[in-house]
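Under my numbering, the residues of the sequence shown are numbered 95 to 222, in order.
In case anyone wonders, no lab produced these hints; they're calculated from the structure. Please read all numbers here as calculations on a predicted model, not as lab measurements. Heads up, a few of these hints could be off.
[To be verified] Here are the computed distance ranges between Cβ atoms for each label pair: (1) 204 <-> 164: 19 to 25 Å; (2) 211 <-> 141: 17 to 23 Å; (3) 176 <-> 139: 27 to 33 Å; (4) 160 <-> 211: 27 to 33 Å; (5) 106 <-> 204: 18 to 24 Å; (6) 194 <-> 106: 30 to 36 Å; (7) 105 <-> 142: 28 to 34 Å; (8) 167 <-> 196: 18 to 24 Å; (9) 211 <-> 174: 26 to 32 Å.
[What the hints assert, rightly or not] Derived pair list, reagent style DSSO-like, types lysine-lysine, alpha-carbon separation capped at 30 Å: (10) 192 <-> 143; (11) 137 <-> 177; (12) 171 <-> 120.
Note that CB positions come from ideal geometry on N, CA and C, so glycine has one too.
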Amino acid sequence: MLELHLEDVIRRNFHQLFPDLEIVDKNQHYRTRDGTYIDIFCKHKQDDKYTVIELKRDKSPSSALIQLLDYMNQIMKEFNTDKVTGILICKEIDRRTKSALGAIQGNMPEGSNISVIEFNLKMEYSCM
95 MLELHLEDVI RRNFHQLFPD LEIVDKNQHY RTRDGTYIDI FCKHKQDDKY TVIELKRDKS
155 PSSALIQLLD YMNQIMKEFN TDKVTGILIC KEIDRRTKSA LGAIQGNMPE GSNISVIEFN
215 LKMEYSCM
């Protein structure tokens with residue numbers, strides 16, 4: 095499965111997966127002021143908190159956590175807020191990423207956090 099396919103599945107089922115969020119990137123990767131692209135950029139329906147979603151189709155390397163933190167920091171600066179959460183969606187989180195995540199969780203600004211969602215998608219098809 096390509097990352098693009100994973101993104102398509104998540105976007106098509108977004109309201110069931112994340113009922114408290116709404117996508118604000120209009121189904122295009124959000125381009126930050128630094129010129130990088132966020133996979134899915136969201137806002138909480140009830141408040142002014144933003145969420146950055148980073149997708150990895152396979153096992154998540156520790157560099158994915160750095161990438162997510164960078165995106166979160168860019169959004170904090172761009173929107174002048176410290177209320178930014180991050181979600182890393184991957185097939186499996188590796189040991190180093192899990193360890194690094196544990197080390198930073200308590201040091202994040204109030205109103206910010208990072209979650210990891212591991213997925214298992216099965217695709218079945220038959221040829222006729």
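Quick one: are residue 194 and residue 106 within 30 to 36 Å, going by C-beta?
With a Cβ separation near 31 Å, residue 194 and residue 106 satisfy 30 to 36 Å, so the hint holds.
### Pair hint outcome, residue 137 versus residue 177 [Cα-Cα no greater than 30 Å]
Satisfied, since the Cα-Cα distance of roughly 10 Å is no more than 30 Å.
Please verify whether residue 192 and residue 143 have alpha carbons no more than 30 Å apart.
Roughly 24 Å between the alpha carbons, so the hint for residue 192 and residue 143 holds.
Discussion item. Tell me if the beta carbons of residue 105 and residue 142 are separated by a distance inside 28 to 34 Å.
Written reply: Violated, since residue 105 and residue 142 (Cβ atoms, about 23 Å apart) do not stay within the stated range.
I want to verify a distance hint. Is the separation of the beta carbons of residue 160 and residue 211 within 27 to 33 Å? Given a distance of about 18 Å, which is not inside 27 to 33 Å, the answer is violated.
Do residue 106 and residue 204 keep their Cβ atoms within the hinted range of 18 to 24 Å?
violated, 33 Å
Sort out whether residue 120 lies within 30 Å of residue 171, counting only the CA atoms.
-> holds, 21 Å
Look at the Cβ atoms of residue 211 and residue 141 and judge whether their distance stays inside 17 to 23 Å.
With a Cβ separation near 21 Å, residue 211 and residue 141 satisfy 17 to 23 Å, so the hint holds.
**Item:** Pairwise beta carbon distance, residue 211 to residue 174, judged against the given window 26 to 32 Å
**Value:** Check passed, 28 Å falls within 26 to 32 Å.
Distance restraint hint 18 to 24 Å, applied to the beta-carbon atoms of residue 167 and residue 196: Between residue 167 and residue 196, where Cβ atoms are some 19 Å apart, the hint holds.
**Q.** Status of the given 27 to 33 Å range, CB of residue 139 versus CB of residue 176
**A.** This hint is violated: roughly 19 Å between Cβ atoms.
* Asked: Would you say the C-beta atoms of residue 204 and residue 164 sit inside 19 to 25 Å of each other?
  -> holds, 20 Å
Hints 3, 4, 5 and 7 from the list above are not met by this structure, while the remaining hints are.
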